[in-house]
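Trainee: Going by the numbering used here, the sequence shown opens with residue 1, and the numbers climb by one from there.
Quick caveat, the hints were computed from the structure, so don't treat them as lab data. Cβ atoms here follow ideal geometry from the backbone N, Cα and C, with glycine treated the same way. Where hints are given, some of them may not hold.
Here are the computed distance ranges between Cβ atoms for each label pair [what the hints assert, rightly or not]:
#1 E124 x H14: 17 to 25 Å
#2 S7 x T137: 40 to 48 Å
#3 D75 x D10: 16 to 24 Å
#4 V77 x D10: 17 to 25 Å
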Amino acid sequence: MNAICPSVIDSLVHIWTALHKDLDVEIDAGNARYLRGVVLNMDDELVARLLSAKLAMSRIPDAQNDETLARCGSDLVYSVQGRTLHATLVHGTDVSERRLGVGTRFGAALLGLRPDQSLLWPMERGRLVEVRVLTITSPSLSRQRPISPLLRMGKPCAFG
1 MNAICPSVID
11 SLVHIWTALH
21 KDLDVEIDAG
31 NARYLRGVVL
41 NMDDELVARL
51 LSAKLAMSRI
61 PDAQNDETLA
71 RCGSDLVYSV
81 QGRTLHATLV
91 HGTDVSERRL
101 GVGTRFGAAL
111 LGLRPDQSLL
121 WPMERGRLVE
131 VRVLTITSPS
141 LSRQRPISPL
151 LRMGKPCAFG
């Protein structure tokens with residue numbers, strides 16, 4: 001990829017932030033911490049700067065079990081530039097037929113959005129395209145492993 005001039009990146013980030021000032025993005029604290037690390041390791045400066053702007057505008061969700069929010073483990077149907085895709089959001093940079101890492105270009109874009117929300121996000125050469133969440137199916141709370149009573153009470157874990 002040809003490098004984009006830093007002043008162009010600054011301008012694009014400023015325009016992107018103005019266009020998305022009313023976007024309601026919710027990212028839990030753990031994923032926000034993870035994504036800050038992703039930003040530091042990204043090779044694409046434009047995506048890194050836009051992800052930083054998205055993190056800055058995000059808030060912590062009211063409910064941890066909100067199944068209408070795109071988070072790790074969510075099965076998503078989404079569109080990029082009108083093309084419909086399906087994947088499960090996972091940690092990391094995995095991009096396969098059914099998995100999309102939140103450390104990837106479009107995984108980072110989708111995390112924290114709800115159905116019918118969209119944003120502009122850069123393709124590989126910096127051109128902004130619409131990324132839209134169509135549907136979300138979150139993992140059922142009943143399928144998650146039960147939390148140990150010791151952890152629920154806030155006791156430290158002991159590894160032996």
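Trainee: Let me make sure I understand: some of the numbered hints might not hold for this structure. Which ones are they, in numerical order?
Mentor: 3, 4
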